[in-house]
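Asks: These protein sequence lines map, in sequence, to chains P and Z.
If you're matching positions, the first sequence starts at 774 in the numbering used here and goes up one per residue.
If you're matching positions, the second sequence starts at 166 in the numbering used here and goes up one per residue.
Hints were generated in silico from the structure; no laboratory data involved.
Possibly wrong hints are sitting among the right ones.
To be verified - Computed far set for chain Z versus chain P, every beta-carbon distance over 12 Å:
| hint | residue |
| --- | --- |
| 1 | Leu176 |
| 2 | Cys196 |
| 3 | Phe204 |
| 4 | Tyr212 |
| 5 | Leu310 |
| 6 | Arg318 |
Stated by the list, open to error - Some, not all, of what chain Z presents toward chain P, calculated at C-beta under 10 Å:
| hint | residue |
| --- | --- |
| 7 | Thr192 |
| 8 | Asp198 |
| 9 | Val264 |
| 10 | Phe294 |
| 11 | Met314 |
Just so you know, these numbers come straight off a predicted model, no measurement behind them.
Quick reminder that beta carbons are idealized off the backbone N, C-alpha and C, glycines included.
Each chain, letter by letter, is given below.
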Amino acid sequence: MNPTTAGLIGLGILLIFLFSRMPVGFVMALLGLVGFSYVVSWESGLRIMAKDFFGIFGSYSLTVVPLFIFMGQIAFHAGISRRLFDTAYTLFGSLPGGLGIATIGACAGFAAICGSTNASVATMTTVALPEMKRHKYGLSLSTGTIAAGGSLGVLIPPSVIFIVYGIATGQSIGKLFAAGILPGLLLSICFALTVFIWVRLKPGSAPAGEKHTLKEKLRALSGIGETLVLFFLVMGGLFVGFFTPTEAGAIGAGGAIIIGLVRKKLRWKGFVQSVTESTRISCMVLVIVAGATIFGHFMAITRIPFMAAGWVGELPLPNTAIMGFIVFIYLVGGCFMDSLAMILLTVPILYPVVTALGFDPIWFGVIIVLVTEMGVITPPVGINVYVVSGIAKDIPLEVIFKGALPFLLAILATVSLLMLFPQIALFLPNLMR
Amino acid sequence: MFAFEKGVHRLTDLLNLVAGACLVAMTILTCADVVLRLFRHPILGTYEIIGFLGATVAGFAMAYTTVKGGHVAVAVVVMRLSPRVQKVIFIITQLLGMVLFALLTWECVKYGNDLRTSGEVSLTLELPFFPVLYGLSLSAFMVCLVLWMDLWRVFTKRREPWARNGA
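Here chain Z stands alone, though its shape is the one from the complex:
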């Protein structure tokens, strides 16, 4: 189990690394496009590439943000309840979160398959959309795993509900 948890953490870090690389690429590409535009040589398809990179930045950072407890949540009511009730609410909300991201994983693959079959591509560079959907599906699946791992740790009493930083 520990090896599995370590593996999940490594993968979330790796995905976040890709997200970071895409953010830097977005910055460089846009700056280059603005500068080259001054010389009447804008980079063709910048608009499309930035959209693809943006999807990767937010999508691939989802699992990492979940591990770090980085999503906004309202804790003011729950933190006043007894530890037992808090645990029940934690279990319910984690399960609901897992259902949501499992459905997103599934639907992104289906949507990606549809886009691949119909051959839908971007207007200028004719880049296919489906790989982004598959990437999003992978990220949603990783969020599912992170939520399940947190739940498992609470079950095995290795962690309090909503403890920050998954490690």
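So that you can see chain P by itself, here it is in the shape it has in the complex:
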């Protein structure tokens, strides 16, 4: 059997095993090991596996993952998310659907100091859902808003997915972070508009909130001061080239700890929980990265990625149509798989295709993050919906899925705008050195 046939069979078996409920990282590592060993030798396959686990876990560039996750966890336990929500409520509470808009605002703010979708959703479900229930908001609107708002976590920097995409493709993490800012703000506005229109169409779903005076609003702004300081310190240092991404993550985590201690909100128990959760989430991410790296080595020796790039490049179709098809693959795949696993699995094959077609790799990173994020609120896998339902156990899954549906239109609108105007993503990274 020639390597290409072995590679195609390997891909087929991978697809079957991915749905066997075996951890995605284990499946990719195992099939990568078996495939590589079959084509080369068992001795080389085993050594590649050990080297990849060692190389990925001990990679300086990837130590940014646990550090940014740690920063987000500390921010939650230090009460930063609660203060963000209170500020957003004071500012937007009197608008139709004000609490929903405040939730989106708080999600965007929290996304600026937290790099993970799941963490953002879990945080906001704990903080915002009781408030929306208290103000008699419809369950679909409130849970849908939180599930969708949480997806901002991976678009607005820092973002674990951008880090991993950057390392997998050799792109600058700083530039990817910069590229996520404007689309993230645009998506936040589209989400807020979705809430606004929803409430205009169905006024009963969100009773009007309290009005606040200008003085109260100005005073409330102090609640976002610490987030702004932390964001500008971390991202500013990264953008001007003073920090490496790892240093930015450590400074962010250290800054969040100092804020928590100064405000006397971070207790020992919260600190220990932050550390334990961070090691668990980081390990989950890095095992997938290690598995995908081993599988990527197998794919590389089969030459399938290069052949796919050549084959697609010769198709008699306009580049935009091919890109549309690639986006469609991510859209469907994202409905069934975790975004990170989906991106890591497909990038070795699709990245050469995209660059051969002349698309900007930074822009492509933003597009696939956005598209796979649609999967986090759509059935059957919609992880954000499961996270909300896991915390708010009295709310049926279908109510949350129904509530998240209108927000898909907002993501689609943002994707379309980015396709038409790539500068939305590329303007800030192009300003960097």
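With chain P held as given, fit chain Z onto it using these hints.
Replies: Coordinates of chain Z only, in the frame set by chain P:
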């Protein structure tokens, strides 16, 4: 058997504690290096130490993450199958996972031995790499034990397949 299970859980918790301590150490060391750099006194070899600590964070948290059911898996198809078929798939995938981590345990020791024999060390601080490989091997072995324990519990009907939180 219960004492053995308790022992495995204690060891996974202990390994995760070490991973957590390394994460905190990474944060402190990097912050200190950035601050001292402002005064033109960066800490020598930070880059290398962070790599070693990072390997310990992810490596030593592997067994704990497995115990907590923290690895990403696609459940959407299997959860629609009959309990009997689910059990068969669980047994097969657990066994495959055990084979993978048994091989990783073995190969990390071999790789570590090779690095020790060749005397390979980091560039600046000349720290040897092999202890990290031995640590990784221990973590992979613990994952093997956790997977086997879960399998055993399903066999002895003390647990449903894929039940979260190993305790």
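Asks: Taking the hints in turn, state whether each one holds.
Replies: Status of each hint after checking the structure:
no., hint, result
1, Leu176, "15 Å, holds"
2, Cys196, "4 Å, violated"
3, Phe204, "14 Å, holds"
4, Tyr212, "6 Å, violated"
5, Leu310, "15 Å, holds"
6, Arg318, "17 Å, holds"
7, Thr192, "5 Å, holds"
8, Asp198, "8 Å, holds"
9, Val264, "8 Å, holds"
10, Phe294, "8 Å, holds"
11, Met314, "16 Å, violated"
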